[in-house]
Amino acid sequence: MLFTVLLGLITSSLIVPFGRFVKTKWGIILAFIPLLLFLYYLQYIPLISWDKSYVQHIDWIPSLGVNFDLRLDGLSLLFSLLITGIGTCIFFYAKSYLKNDPYIDRFFGYLCLFMSAMLGLVLSDNIFLLFTFWELTSISSFFLIGFNNDHAVSRKSALTALSVTGLGGFFLLAGLVLMGNIAQTYSISELAEKAQLIQDHELFPYILGLVILGAMTKSAQFPFHFWLPGAMKAPTPVSAYLHSATMVKAGIYLLARFFPILGSNPAWTYSLMIIGGITMLYGAFHSLFRTDMKGVLAYSTISALGILVFLLGIGTEDAIIAVAVFIVVHALYKATLFLITGIIDHATHTRDLSVLQGLRKVLLPVAIAGFLAALSSAGVPLTLGFIGKDLIYEATLHSEQHVAIYLTVAAVITNILLVSAGFMAGIKPFMGTLPEKFEKINMPAKSLWIPPLILALLGVLFGCFPHIIGDWIAQPTVNSIMKVKTDFHLQIWHGFNLVLLLSALTIILGTILYFINKPNPRKLQWIERLNFIAPLTIFQKAYQRIYNFSTSYSNYFHNGYLRSYLLKIIIFAEVLLAYQLYLGGPLHINWDLLSAISVYEVVTVLIVFGAVALTLSTASRLTAVVATSVIGYGICLLFVFYSAPDLAMTQFTIDTLTVVLFVLVLFKLPPFLNLAKKRILIRDVVVAIVFGMILSMVAIRVLHVPTHIAISEFYGKNAYLLAKGRNVVNVLLVDFRGFDTMFEIIVLSIAALGVYSLLKLRLKSSEKE
Amino acid sequence: MELLLILLIGVLYATGIYLILRRSMVKLLLGIMLLGNGTNMLIFLLGNITKGKPPIISDGLKVFQDIYADPIPQALILTAIVISFGLTSFAIVLLKRVYALINTDDLDNLNTPEDEDI
Numbered sequence: 005m006l007f008t009v010l011l012g013l014i015t016s017s018l019i020v021p022f023g024r025f026v027k028t029k030w031g032i033i034l035a036f037i038p039l040l041l042f043l044y045y046l047q048y049i050p051l052i053s054w055d056k057s058y059v060q061h062i063d064w065i066p067s068l069g070v071n072f073d074l075r076l077d078g079l080s081l082l083f084s085l086l087i088t089g090i091g092t093c094i095f096f097y098a099k100s101y102l103k104n105d106p107y108i109d110r111f112f113g114y115l116c117l118f119m120s121a122m123l124g125l126v127l128s129d130n131i132f133l134l135f136t137f138w139e140l141t142s143i144s145s146f147f148l149i150g151f152n153n154d155h156a157v158s159r160k161s162a163l164t165a166l167s168v169t170g171l172g173g174f175f176l177l178a179g180l181v182l183m184g185n186i187a188q189t190y191s192i193s194e195l196a197e198k199a200q201l202i203q204d205h206e207l208f209p210y211i212l213g214l215v216i217l218g219a220m221t222k223s224a225q226f227p228f229h230f231w232l233p234g235a236m237k238a239p240t241p242v243s244a245y246l247h248s249a250t251m252v253k254a255g256i257y258l259l260a261r262f263f264p265i266l267g268s269n270p271a272w273t274y275s276l277m278i279i280g281g282i283t284m285l286y287g288a289f290h291s292l293f294r295t296d297m298k299g300v301l302a303y304s305t306i307s308a309l310g311i312l313v314f315l316l317g318i319g320t321e322d323a324i325i326a327v328a329v330f331i332v333v334h335a336l337y338k339a340t341l342f343l344i345t346g347i348i349d350h351a352t353h354t355r356d357l358s359v360l361q362g363l364r365k366v367l368l369p370v371a372i373a374g375f376l377a378a379l380s381s382a383g384v385p386l387t388l389g390f391i392g393k394d395l396i397y398e399a400t401l402h403s404e405q406h407v408a409i410y411l412t413v414a415a416v417i418t419n420i421l422l423v424s425a426g427f428m429a430g431i432k433p434f435m436g437t438l439p440e441k442f443e444k445i446n447m448p449a450k451s452l453w454i455p456p457l458i459l460a461l462l463g464v465l466f467g468c469f470p471h472i473i474g475d476w477i478a479q480p481t482v483n484s485i486m487k488v489k490t491d492f493h494l495q496i497w498h499g500f501n502l503v504l505l506l507s508a509l510t511i512i513l514g515t516i517l518y519f520i521n522k523p524n525p526r527k528l529q530w531i532e533r534l535n536f537i538a539p540l541t542i543f544q545k546a547y548q549r550i551y552n553f554s555t556s557y558s559n560y561f562h563n564g565y566l567r568s569y570l571l572k573i574i575i576f577a578e579v580l581l582a583y584q585l586y587l588g589g590p591l592h593i594n595w596d597l598l599s600a601i602s603v604y605e606v607v608t609v610l611i612v613f614g615a616v617a618l619t620l621s622t623a624s625r626l627t628a629v630v631a632t633s634v635i636g637y638g639i640c641l642l643f644v645f646y647s648a649p650d651l652a653m654t655q656f657t658i659d660t661l662t663v664v665l666f667v668l669v670l671f672k673l674p675p676f677l678n679l680a681k682k683r684i685l686i687r688d689v690v691v692a693i694v695f696g697m698i699l700s701m702v703a704i705r706v707l708h709v710p711t712h713i714a715i716s717e718f719y720g721k722n723a724y725l726l727a728k729g730r731n732v733v734n735v736l737l738v739d740f741r742g743f744d745t746m747f748e749i750i751v752l753s754i755a756a757l758g759v760y761s762l763l764k765l766r767l768k769s770s771e772k773e
Numbered sequence: 009m010e011l012l013l014i015l016l017i018g019v020l021y022a023t024g025i026y027l028i029l030r031r032s033m034v035k036l037l038l039g040i041m042l043l044g045n046g047t048n049m050l051i052f053l054l055g056n057i058t059k060g061k062p063p064i065i066s067d068g069l070k071v072f073q074d075i076y077a078d079p080i081p082q083a084l085i086l087t088a089i090v091i092s093f094g095l096t097s098f099a100i101v102l103l104k105r106v107y108a109l110i111n112t113d114d115l116d117n118l119n120t121p122e123d124e125d126i
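Sequence order for the protein chains is A and B.
With the numbering used here as the guide, the letters of the first sequence map in order to residues 5 to 773.
With the numbering used here as the guide, the letters of the second sequence map in order to residues 9 to 126.
Be a bit skeptical, because a hint or two may be false.
Covered by chain A, according to a simulated footprint, are these stretches of chain B (three or more residues, beta-carbon under 8 Å) [stated by the list, open to error]:
(1) 12 to 19
(2) 27 to 35
(3) 43 to 56
(4) 62 to 68
(5) 73 to 87
(6) 96 to 103
A short, non-exhaustive set of chain B residues, derived as facing chain A with CB atoms under 8 Å [said to hold, decoys possible]:
(7) Ala22
(8) Leu38
(9) Ile40
(10) Lys59
(11) Val90
(12) Phe93
(13) Leu115
(14) Asp116
Simulated from the structure, these hints should not be mistaken for laboratory data.
Predicted model, so just to flag it, every value in this text is computed and none were measured.
C-beta: ideal position from N, C-alpha, C; glycine also.
So here's chain A without its partners, still in its complex pose (with noise of 0.2 Å):
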């Protein structure tokens, strides 16, 4: 099973040196991979049964609970085969619609890396590998959408896409890692035996919300569809495959495969129950209003993905198997429908619903797929479709019985809109007159036609042999979500009953709708005017809001003044040194311990405030500069009172030395301008006054605190003994911290050779612009 992971990532990775093959006829070789990974999938169909299941474990990372495991149960098997099956389609058919595509490599490699992520995805056993999964899919499916890359929709489109699913991402980390914690287990099927304790945890509607939100983002749930309809910007291969089979039925799959461990109780069943119902009514009645064909099939995706989760809520054994069957149905004739709607956007380059018409003209093969395809979705008697809506309202009918009733009318309210939805973009096109401009339409490569005619004809074989999907495919499905061994067989004829009648109400209602709604510009405006309350743009608000605010933000801290930067980390340390000092108590001066003070040094000190007062007072630099230096001099001076004669030596030296230096460089330079307003000199003063009095306070604080001399006297007593030196300071620096030292010269002549190679430096005149 692992190759079968990894064979995608390595072709991903080997197109980059060997893109240059996918660019010639060669490249069909790529769309034998998911053919031969469908092939080893189709093998597990008579070895799977109801407690079968099989599995690879692979230590990753052990000590974490991180492993690389992997199983395949029923489950699993219905989703690799519809990611390798439908992908097979895929890649035969992207072959020729990108055959121009200078970047078909490119988008070849995103493909490969796409369907691994999703096979990865339904085969992990570990929570922790099926979230890196999780988000694999998200980012490739971020390259597929953005794929034009040179459009802006597209790639705010991918941009959307990628924020919202990924959002999910972490929702349903949290969720996985609480219950991981709970259960003291990562591994999927031994959660699935303590789903007991963790119902039990009083964490469980925690758990519960955040995993529904990680599938709600991806499976594109009211509120959060609208990345669905925005990411319609793909490539029509990309929107067939992302949309029917794969990236949006994540969430579907994250949920069936998480029902025994949270599914069977009230707050499962009414929060899917209400958000599915929500969104399949919302989608099936959005897609009534779109004239783009890809539009009309974005909304009546988002619709069938509500109905899904809907049936997951119910949650009984006829919604479960419902729910198995739909997949498959909905998947066949999705990806259909989105594949014709490629081929008449190549030939005709339009996908304008209200222009489109009597294509059947010129376009026959793919004619009978769409035709096909719309009867499906609209639940014609032998097809795959009929089946499948048989089976939900067997799962609503049989519901609770309070909520049977509501959930079965808008079970009927939700597919009368599908059906119309799918003949608007199965048969519309291909209807009444062709007009002039289409006459010139030459039939589209085989390529292009056969996969979708494929898929079309599985759907009408399937839907008269409802077993072959019934007990190899379903069965096993269902087994592996219920845990338990059901034994059901699919028919096509149940006879007379209730069910009957409202299928064959749902189709006539439907396809009366479909005769009175014809697509219309205008009724796309109508809607378009409720979008000022749509998610989108309250998504798109927030978004502009949170944008709005961090630009503000670092435009305030980060506004390119020197000063006020400076301004704002000196005001941080005052704070937090006040603070500090508030927590050390009051200070108080033990007035015995100071040292007595004589008249030498009252002068000193006097001298470096009248310096600090020339200083800051004078306009001209040069008395700055050398009111600078009597500061450096006074300090001097007191070291040379307080026993520090080397340090007076080299304050003297370097005092000297830095003054030279500003006279040589500066003396050509103008006075002082005094630029500040008075209101920022106080502010400056103020705020230079209160750290000058919070350093002070936190020296006399210091003043009290006995000092550890224990290093000190070592150096006292060693400095002759070791190092033969009488100079503790100069023993101190050369000898016990030598290497110091040595690299203090280092820093030095680094800084020397950056004064010279600056003073030689000789600019073009050029440069000096």
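Position chain B relative to chain A; hints supplied.
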């Protein structure tokens, strides 16, 4: 005497902070120098200042017989003075370069035109 030094530290810090908040690059530099001096004094004060007893062992002796000033703060400050000279000298030359290019020492004129849009 310590109190006088503490006052000196406060004044040096306050002046330094005030100067680095100005627009002139020369003042910025002087401010940095004053902050450096203030910090040196603060470290010096931490080592229990002692009058007239430099940490130098007298001739003929192998160890100290008397009390002596703490050598560690002195070694630290010595390093600090030298390093800050490296910084100052480089900054002064840089200042000269900038002045030669744009004929001003006003920090606001250093912003590139794109940044001014913000």
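Hint-by-hint comparison with the structure:
1. As drawn, the segment 12 to 19 of chain B meets chain A at 8 residues by the rule of a beta-carbon pair under 8 Å; at three or more, the given contact holds.
2. Coverage of a stretch by a chain is defined here by at least three residues with a beta carbon nearer than 8 Å to that chain's beta carbons; for the segment 27 to 35 of chain B and chain A the count is 8, and the condition holds.
3. For a cut-off of 8 Å, the count of residues in the segment 43 to 56 of chain B with a CB near a CB of chain A stands at 10, and the three-residue condition holds.
4. Judged by the Cβ-Cβ criterion of 8 Å, the segment 62 to 68 of chain B is covered by chain A as claimed, because 6 of its residues qualify and three suffice.
5. Coverage of the segment 73 to 87 of chain B by chain A holds [criterion: at least 3 residues with CB-CB distance below 8 Å; count 10].
6. Counting residues of the segment 96 to 103 of chain B whose beta carbon lies closer than 8 Å to any beta carbon of chain A gives 7, which meets the minimum of three for the stated coverage.
7. Interface restraint check: Ala22/B against chain A, minimum CB-CB distance 3 Å, threshold 8 Å, status holds.
8. The restraint placing Leu38/B at the interface with chain A holds, with a minimum CB-CB distance near 5 Å, inside the 8 Å limit.
9. Because the smallest distance between the Cβ of Ile40/B and any Cβ of chain A comes to about 11 Å, over 8 Å, the interface hint for this residue is violated.
10. Given hint, Lys59/B at the interface with chain A, holds; its Cβ is 6 Å from that chain's nearest Cβ, closer than 8 Å.
11. At a threshold of 8 Å, the smallest CB-CB gap from Val90/B to chain A is about 6 Å, leaving the interface hint in force.
12. Hint status for Phe93/B: holds, given a least beta-carbon distance of 5 Å to chain A, under 8 Å.
13. The closest approach between the C-beta of Leu115/B and any C-beta of chain A is roughly 5 Å, which is under the 8 Å cut-off, so the hint is satisfied.
14. A hinted interface residue such as Asp116/B counts as satisfied when its beta carbon comes closer than 8 Å to some beta carbon of chain A; here the least separation is about 7 Å, so the hint holds.
The structure shown violates just one earlier hint, number 9.
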